[in-house]
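Peer 1: Given the sequences, and given the hints that come with them, work out the whole structure.
Next come the chains, spelled out residue by residue.
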Amino acid sequence: MAKISYLQAIHQALDYEMGQDESVFVLGEDVGKKGGVFKVTAGLQEKYGELRCLDTPLAESNIVGTSIGAAMMGKRPVAEIQFADYILPATNQILSEAAKIRYRSNNDWNCPIVIRAPFGGGIHGALYHSQSVETLFTSTPGLKVVVPSTPADAKGLLISAIRDNDPVLFFEHKKAYRLLKEEVPEGDHTVPIGKADIKREGDDITVITYGLCVNYALQAAERLSKDGHEAEVLDLRTIYPLDKESIIKAASKTGKVLLVTEDNLEGSVISEVAAIIGENCLYDLDAPIMRLAGPDVPSMPYAPPMEDFFMVNPDKIEAKMKELAEH
Amino acid sequence: MEKVLMPKLGESVTEGTIEKWLVQPGDTVEEYDPICEVITDKVTAEVPSVYSGVVKELLVSEGETVEVGTSICMMETEDSSEPEKTDETDKVEKGQEEVPAEKEPAAQKSSNGRNKGRISPVVMRLAEENDIDLSTVSGSGFEGRITKKDILKTIENGPSEQKTQAEQTTSREEPPKTEGSTPSPAPAGQDKALAGEEIPVNGVRKAIANRMVQSSQEIPHAWLMMEVDATNLVNVRNSHKSDFKKQEGYNLTFFSFFVKAVAETLKDYPMLNSSWQGDKIVVNKDINVSIAVAGDDKLYVPVIRNADELSIKGIARQVSELAELGRKHKLTTAHMAGGTFTVNNTGAFGSVQSMGIINQPQAAILQVESIVKKPVIIDDMIAVRHMVNLCLSIDHRILDGLVAGQFLKAVKERIEAYSLEHTSIY
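Line by line, the protein sequences are chains G and X. Once you know that position 319 of the first sequence is 319 in UniProt numbering, the rest is easy, because the numbers rise by one and skip nothing. Once you know that position 84 of the second sequence is 84 in UniProt numbering, the rest is easy, because the numbers rise by one and skip nothing.
Rather than coming from a laboratory, the hints here were simulated on the basis of the structure. Everything numeric in this text was worked out from a predicted model, so none of it was measured. Please note: incorrect hints may appear among the correct ones.
Derived CB-CB ranges, DEER-like [what the hints assert, rightly or not]: (1) G/Pro305 with X/Gln406: 36 to 46 Å; (2) X/Pro48 with G/Lys244: 54 to 64 Å; (3) G/Lys3 with X/Gln217: 50 to 60 Å; (4) G/Asn280 with X/Ser140: 51 to 61 Å; (5) G/Ile248 with X/Asp286: 54 to 64 Å.
From the derived model, a few chain X residues whose C-beta atoms are all more than 10 Å from chain G [stated by the list, open to error]: (6) Glu227; (7) Lys241; (8) Ser242; (9) Phe244; (10) His422.
Glycine included, each C-beta is placed from N, C-alpha and C at the ideal position.
Peer 2: Following this line, the structure appears as structure tokens:
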């Protein structure tokens with residue numbers, strides 16, 4: 001196995017699925033000739049032709065609407081929204097149409113689309129290129145929302161998402177694209193949607209998070225280990241619907257839980273995780289549930305010191321972990 | 001048979017405690033005869049019978065707290081007819097069932113006060129499942145909190161007390177080797193102070209405790225103190241003192257002058273005379289000054305109504321009467337209701353500085369401290385003056401430092417302006 005980046009892993013997944021299933025096609029802004037602004041889809045148009053790697057107009061509603069129609073006619077479209085921040089014009093298509101097709105057609109129709117979108121900050125992208133938008137979709141039954149934290153998971157989850165018969169939102173942290181590298185299984189590699197994953201074992205505290213924060217939490221856990229505290233790190237992987245069983249198990253194991261997200265704190269995915277723990281684990285808790293998240297301000301600032309203030313990083317996680325371990 | 005219900009003794013009162021039964025089963029009672037003493041908040045009131053008849057059964061025992069509207073005793077009246085009996089006994093049984101159900105959790109609460117109440121759910125559960133006395137587990141968490149790991153260690157290794165006991169005995173055995181005649185060490189179990197008399201908390205004490213806890217927990221208290229020159233006040237009071245006592249038959253106290261000054265100043269600072277009502281602040285029109293009156297181990301807070309309309313004499317008279325009633329435990333709900341601001345005479349027992357807890361829902365409490373002779377510098381000369389500290393606690397939700405400071409300064413100016421020429425006590 002070769003060490004490849006998070007971005008290459010996603011490219012591999014697309015390439016593999018397009019190669020083995022003719023109904024899979026990619027569409028989005030600049031995905032074809034340019035190969036995508038991040039080069040995720042580089043070479044796919046050359047390999048599979050213009051009709052399977054479509055450059056679309058700058059109209060997100062159109063990209064998703066087209067995908068929904070194609071999906072209902074038996075295709076497996078993978079739509080790319082260039083930045084997650086631009087997904088808002090498409091939300092009506094996603095929430096009102098894609099999410100509800102199976103339900104309102106009494107199971108006669110379904111909508112096997114994947115919507116990929118790079119999200120997250122820490123890359124000096126400022127207001128419209130740094131946001132975490134996942135909570136827009138994490139309260140709409142009918143959708144699945146996936147956020148991989150490693151190259152191997154990114155490949156395995158994307159292949160599972162393409163093969164899934166319902167709409168899946170696939171959020172890729174753009175800072176992870178070239179930062180994270182690891183050995184990724186070649187060829188057919190799937191990771192189940194809806195299952196969280198223990199990325200590190202420990203018995204002093206439990207950290208539950210997703211996306212790039214998983215990597216940050218693992219770095220912090222290694223440092224904390226030198227102080228004699230071992231952290232369990234649970235990667236949610238699928239943030240909607242949540243894997244309640246794994247959350248309850250991981251929280252109950254240590255009774256001390258730190259929840260981390262890069263998103264704004266209030267109403268975030270970890271708020272729901274906290275509720276699940278509160279409802280199910282009271283008699284196994286050894287400390288108040290602790291949360292670390294972005295501040296409740298409208299968006300990621302551009303100035304580097306302000307961006308650092310907003311972003312979760314290993315230092316901030318380590319400080320919180322220590323506080324919890326010593327509680 | 002008729003039921004006598006726990007009456008509603010004042011607005012916002014939802015429960016009352018039977019302090020004392022004045023009748024026993026079998027007693028014949030006329031309508032309006034007092035049957036028991038009930039305590040709510042800081043008030044003790046006698047409950048009059050609503051029927052004439054014979055007391056059959058007391059349903060609530062002394063010291064017990066029940067909700068307003070609960071049956072407290074059964075009476076046989078001449079009007080009551082036999083057929084209803086089955087229905088009534090049914091209800092009596094229900095009433096009795098409720099009693100132990102309420103008592104149990106209260107008893108549990110009192111025994112769980114350890115570890116500042118910060119025993120986490122998992123520690124509590126593991127302790128119970130493994131039959132571990134938490135007082136034998138030493139905590140390694142924040143501020144000595146017992147963590148889950150601590151209790152897991154205890155389950156594995158046995159309680160840490162055995163370890164500490166062993167350590168103690170070995171360390172204690174050492175000294176006798178050098179000094180053979182030292183008295184034998186006390187057994188490890190006697191490390192704790194010997195418990196003395198236990199005083200059950202009920203009645204007025206419990207009501208005071210609840211009110212104080214509620215006030216200190218809910219109200220963000222802020223506190224300030226000003227030193228006031230009371231020399232002129234002392235002169236005025238001393239010049240009238242003996243004549244006043246002769247004419248009126250009660251004392252002209254310093255306290256009355258302070259209450260007068262506060263009542264007048266409250267007119268200019270209505271926010272100090274307001275009350276916190278959750279989502280709004282109500283500015284009270286009447287200036288009703290609560291004063292604290294102690295009687296044995298009890299504390300009463302009767303009210304001088306419309307204190308701003310009274311002369312110093314009028315206030316002195318009310319203070320004297322209310323204090324007398326307090327000493328005899330004859331203050332009623334009516335005496336204590338409706339206060340809008342409290343003035344507390346802490347100086348009476350020699351205090352020179354104190355931080356009062358606000359009598360909610362009032363906005364502030366003013367403590368009048370002892371008047372003490374002190375050297376003071378006036379116009380670069382040292383003079384001996386009668387000085388007094390006024391300590392003001394404010395509800396910071398309602399008031400800020402500025403208005404509180406202005407108010408206290410205005411009270412100070414009023415007190416310093418008392419003079420033989422201009423102050424009339426009538």
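Peer 1: Each of the hints needs a verdict: does it hold here or not?
Peer 2: Each hint tested on the structure:
1. Hint check: proline 305 of chain G to glutamine 406 of chain X, Cβ distance near 42 Å, so the stated range 36 to 46 Å holds.
2. A hinted range of 54 to 64 Å for the beta carbons of proline 48 of chain X and lysine 244 of chain G is consistent with their spacing of about 60 Å.
3. Against the hinted window of 50 to 60 Å, the Cβ-Cβ separation of lysine 3 of chain G and glutamine 217 of chain X comes to about 58 Å, which satisfies the hint.
4. Separated by about 27 Å at the C-beta atoms, asparagine 280 of chain G and serine 140 of chain X break the suggested range of 51 to 61 Å.
5. Distance hint check: the CB atoms of isoleucine 248 of chain G and aspartate 286 of chain X are about 58 Å apart, consistent with the given range 54 to 64 Å.
6. Residue placement check: glutamate 227 of chain X keeps its beta carbon more than 10 Å from all beta carbons of chain G (closest about 44 Å).
7. Non-interface status of lysine 241 of chain X relative to chain G is upheld: no Cβ of that chain comes within 10 Å, the nearest being about 61 Å off.
8. Every CB of chain G is more than 10 Å from the CB of serine 242 of chain X (nearest about 65 Å), matching its label as outside the interface.
9. In this structure phenylalanine 244 of chain X is separated from chain G by more than 10 Å, as the shortest Cβ-Cβ distance comes to about 62 Å.
10. For histidine 422 of chain X, the non-interface assignment is confirmed: its Cβ lies about 60 Å from the closest Cβ of chain G, beyond the 10 Å cut-off.
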